[in-house]
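Modelling step: build the complete structure from the supplied sequences, incorporating the hints.
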Amino acid sequence: EDQVTQSPEALRLQEGESSSLNCSYTVSGLRGLFWYRQDPGKGPEFLFTLYSAGEEKEKERLKATLTKKESFLHITAPKPEDSATYLCAVQDSWGKFQFGAGTQVVVTP
Amino acid sequence: DAGITQSPRHKVTETGTPVTLRCHQTENHRYMYWYRQDPGHGLRLIHYSYGVKDTDKGEVSDGYSVSRSKTEDFLLTLESATSSQTSVYFCAISAVGTVNTEAFFGQGTRLTVV
Chain A
3 EDQVTQSPEA
13 LRLQEGESSS
23 LNCSYTVSGL
33 RGLFWYRQDP
43 GKGPEFLFTL
53 YSAGEEKEKE
63 RLKATLTKKE
73 SFLHITAPKP
83 EDSATYLCAV
93 QDSWGKFQFG
103 AGTQVVVTP
Chain B
426 DAGITQSPRH
436 KVTETGTPVT
446 LRCHQTENHR
456 YMYWYRQDPG
466 HGLRLIHYSY
476 GVKDTDKGEV
486 SDGYSVSRSK
496 TEDFLLTLES
506 ATSSQTSVYF
516 CAISAVGTVN
526 TEAFFGQGTR
536 LTVV
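Here the protein sequences line up with chains A and B, keeping their order. Going by this note's numbering, the final residue of the first sequence carries number 111, and the count climbs one at a time with no gaps. Going by this note's numbering, the final residue of the second sequence carries number 539, and the count climbs one at a time with no gaps.
Hint data in this document are derived by calculation from the structure and do not stem from the laboratory. Even glycine gets a Cβ: it sits at the ideal position worked out from N, Cα and C. Keep in mind that a hint or two might mislead.
Straight line, CA to CA, 20 Å or less: simulated DMTMM-like cross-link-like pairs of lysine to aspartate or glutamate [said to hold, decoys possible]: (1) A:Lys71 to A:Asp94; (2) B:Lys482 to A:Glu3; (3) A:Lys44 to B:Asp487; (4) B:Lys482 to A:Asp84; (5) B:Lys495 to A:Asp84; (6) A:Lys59 to A:Asp84; (7) A:Lys61 to A:Asp84.
Facing chain B, according to a computed beta carbon distance under 7 Å, are these residues of chain A, among others [stated by the list, open to error]: (8) Thr51; (9) Tyr53; (10) Gly97.
Computed footprint of chain B on chain A, listed as stretches where at least three residues anywhere in the stretch have a Cβ under 8 Å from a Cβ of chain B [said to hold, decoys possible]: (11) 22 to 36; (12) 79 to 93; (13) 102 to 111.
Spelled out as C-alpha cells, the structure:
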C-alpha cells in the first residue's frame, strides 16, 4: 500500500532561519513526487515535480531534492510570506496521487 | 491558473439528503479526482476518473458515487449525506500520460451536514 509520511507536523521559524521538511514514501511504480503549498481556505498550489533519485528543483527560496525513499524541501532564508502548509504527494502507476498530512510552516518576522 | 471550477463553493445540507458537487475543467485533461480534506488526515482520495465513463474508487469511497459523461465535468454525489461527510472537498485534474503530470486543484467546496 502506498504511504507518504511528512515530518515535522509543524515548524516555527524566525525570518532568515533556514530549515528542511522531510517526506518519506513507499509507492509501487513511482511516476513522480510532487510538492505543493497550501494557504488557508485555498486549494493546493503546485510547486515542484521530481521524477528520479538525485534530481533537484529550485524556485526562489525553495529547493526540493529526491532520493529513492525520501524527499526534502529546503527553505533558505524564509520570509513571512513563506508561511503555509507544504504537502508532499506521490503518483503511482495508476495515475493516483497519495498525499502526506503536510507540514505547517510559520515564519515570524 | 488551471481552468478548474468547483460548484457550489459552500453548502449546508441536512442529514439524509442527497448532495451533488460539480467539477468543471477547461484544460481537456484526461484524469480527474475528488479528494476530501479533514484536520489530521490530509487529502484523501474519494474517486478518480481516467476518461469519460471510466472511474475507480479511492481510499474513502464509501457513501460516495461519481459520474463523468463529458471530459470536462466530474460529478461527486453523496447519496444520503451524513455528519461524517462534513469536510472540504477538492477536485483536481492531471494530464497523466504526457510530460507534465502534476495535479492542479480547484478552490474547494466546504460542505456542512447538519
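Checked hints:
Proposed proximity of A:Lys71 and A:Asp94 is supported: the alpha carbons are some 14 Å apart, at most 20 Å. Taken as a hint, the B:Lys482 and A:Glu3 pair is honoured in the structure, with Cα atoms around 15 Å apart against an allowance of 20 Å. Under the criterion of a C-alpha separation no larger than 20 Å, the hint pairing A:Lys44 with B:Asp487 is inconsistent with the structure, at around 25 Å. Annotation: proposed proximity of B:Lys482 to A:Asp84 is violated, straight-line Cα distance about 35 Å (limit 20 Å).
Distance hint between B:Lys495 and A:Asp84 is unfulfilled; the C-alpha atoms sit about 38 Å from each other, more than 20 Å. For the given pair, A:Lys59 sits about 17 Å from A:Asp84 by alpha-carbon distance, which is consistent with the 20 Å threshold. About 12 Å separates the Cα atoms of A:Lys61 and A:Asp84, which keeps this hinted pair within 20 Å; it holds. For A:Thr51, the suggested interface contact is upheld, since its CB lies about 5 Å from the closest CB of chain B, less than 7 Å.
For A:Tyr53, the shortest C-beta to C-beta distance to chain B is roughly 9 Å, which exceeds 7 Å, and the interface hint is violated. Nearest Cβ of chain B to the Cβ of A:Gly97: about 4 Å, under the 7 Å cut. The hint holds. Coverage of a stretch by a chain is defined here by at least three residues with a beta carbon nearer than 8 Å to that chain's beta carbons; for the stretch 22 to 36 of chain A and chain B the count is 3, and the condition holds. Figure legend: the stretch 79 to 93 of chain A, annotated as covered by chain B; annotation consistent (3 residues with Cβ-Cβ distances under 8 Å, at least 3 required).
With 3 residues having a Cβ less than 8 Å from any Cβ of chain B, the stretch 102 to 111 of chain A passes the three-residue criterion, so the hint holds.
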